[in-house]
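Protein chains: 2
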Amino acid sequence: MKRIVLAGIATGVLADAIACMASAYGHADSKASPIYGVKIPPGYRDWQLISVNHLAGNKLKQVRAQLGNEIAVKAFREGKLPFPDGAIIAALHWNETSSDENNEVLATGFPGAGFQSFVAGPAENIQFMVKDSGKYAATGGWGFADFKDGKPASEAVHKTCFSCHEPAKDRDFVFTHYAR
Amino acid sequence: MKRIVLAGIATGVLADAIACMASAYGHADSKASPIYGVKIPPGYRDWQLISVNHLAGNKLKQVRAQLGNEIAVKAFREGKLPFPDGAIIAALHWNETSSDENNEVLATGFPGAGFQSFVAGPAENIQFMVKDSGKYAATGGWGFADFKDGKPASEAVHKTCFSCHEPAKDRDFVFTHYAR
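Chains as they are written, first to last, in our numbering: chain A, 724 to 903; chain B, 724 to 903.
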């Protein structure tokens with residue numbers, strides 16, 4: 724149950740314990756997400772950066788990046804709402820790991836400061852929001868997807884996506900802000 | 724003094740309290756970094772993502788992204804060392820801010836879990852490493868730069884860059900690993 728709720732809290736902001744990167748280069752996977760039929764977009768790992776964040780609490784500790792295709796990034800930069808059809812946002816979630824290597828250098832440079840560096844460890848999941856105002860009219864114009872190791876999460880998981888994004892209705896259901 | 728040491732711990736891993744983004748789109752600034760003569764590369768904000776991390780301790784709390792130009796990203800993906808001439812790595816550092824908006828959604832989805840979301844707030848600084856094995860032979864083949872609000876940090880700051888990167892000599896002085 725917890726897993727289901729988690730997965731619904733989707734793109735680029737909140738976390739679940741699901742889905743991920745098909746390969747180092749983000750090649751498409753043939754499987755589509757339940758309900759929405761969203762496949763992993765080819766080349767998403769090459770997209771431009773929207774923002775970064777990290778999530779902490781309980782056993783979940785992640786560093787995260789949101790990437791956008793050209794349409795999405797242009798809209799973010801111009802503050803254009805709603806996002807135009809064709810916009811896709813990718814949220815990449817990595818389990819974070821403390822970097823002993825970095826911490827050692829920090830301790831040398833700043834004795835006693837207690838700096839800690841947390842870097843991207845194993846990928847946990849990747850999520851997508853695809854804007855198609857016609858196809859996804861019932862869910863704010865967005866289709867959702869959640870993948871781990873190239874495989875989509877369950878239908879139950881995907882049923883929770885839109886409800887979690889509803890609080891961001893005034894920003895076209897997108898939580899992430901562009902990092903300037 | 725602290726500020727100087729901090730700035731030396733450069734690209735994409737460790738932090739200082741200096742330098743930054745010339746504009747939302749990363750346009751070049753006319754000023755070059757002391758010692759190395761590195762200017763802000765036009766279009767760096769469009770580059771591809773290498774990895775993300777966050778840094779905590781003392782009063783410093785940052786979320787961070789490392790971007791690379793095509794040459795750098797290709798080398799990262801192929802595990803090619805040393806990095807070829809022309810590779811440029813950009814480290815973007817934002818002071819992190821707790822997201823009340825995200826936390827509210829998390830609290831609803833996971834009552835009692837104590838999840839906390841930290842997102843990119845105001846930009847703190849941006850740093851660059853530029854590979855030119857001839858020009859920068861004395862510093863591992865890398866030229867360094869640290870900018871805040873488009874202005875380069877002091878010469879004293881830039882004198883610390885290479886020494887802090889020396890522990891990563893076996894990875895061509897680059898701390899960041901590519902996030903897959």
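Just so you know, the hints here were simulated from the structure itself, not pulled from any lab data.
The reader is advised that the hints may include incorrect statements.
The list cannot tell twin chains apart, which means a pair is met if one copy fits it or any two copies do.
Said to hold, decoys possible - When the alpha-carbon atoms are kept at most 30 Å apart in a straight line, the in silico DSS-like pairs for lysine-lysine are as follows:
hint, residue 1, residue 2
1, K858, K784
2, K782, K797
3, K858, K782
4, K754, K797
5, K803, K782
6, K871, K797
7, K797, K762
In this text, all values refer to a predicted model and were calculated from it rather than measured experimentally.
As a check of your reading, is K754 near K797 (CA-CA no more than 30 Å) within one copy, between copies, both or neither? both (28 Å within a copy, 27 Å between copies)
Tell me, please, which holds for K803 and K782 at an alpha-carbon limit of 30 Å: within, between, both or neither? Answer is neither: 36 Å inside a copy and 35 Å across each miss the 30 Å cutoff.
Please sort K858 with K784 into within, between, both or neither, judging by C-alpha distance up to 30 Å. neither (34 Å within a copy, 41 Å between copies)
Have a look at K782 and K797 and pick one of within, between, both or neither, based on CA distance no larger than 30 Å. Classified as neither: same-chain Cα gap 35 Å, cross-chain 34 Å, threshold 30 Å.
One pair to classify: K858 and K782, alpha carbons no more than 30 Å apart. Within, between, both, or neither? For K858 and K782, the Cα distance exceeds 30 Å both inside one copy (37 Å) and across copies (47 Å).
Under a CA distance limit of 30 Å, which applies to K871 and K797: within one copy, between copies, both, or neither? Both: 28 Å inside a copy, 24 Å across copies.
Could you figure out if K797 and K762 sit no more than 30 Å apart (CA to CA) within one copy, between two copies, both or neither? So K797 and K762 pass the 30 Å test inside a copy (22 Å) and across (25 Å) alike.
Hint check: violations occur at hints 1, 2, 3 and 5; the rest are consistent with the structure.
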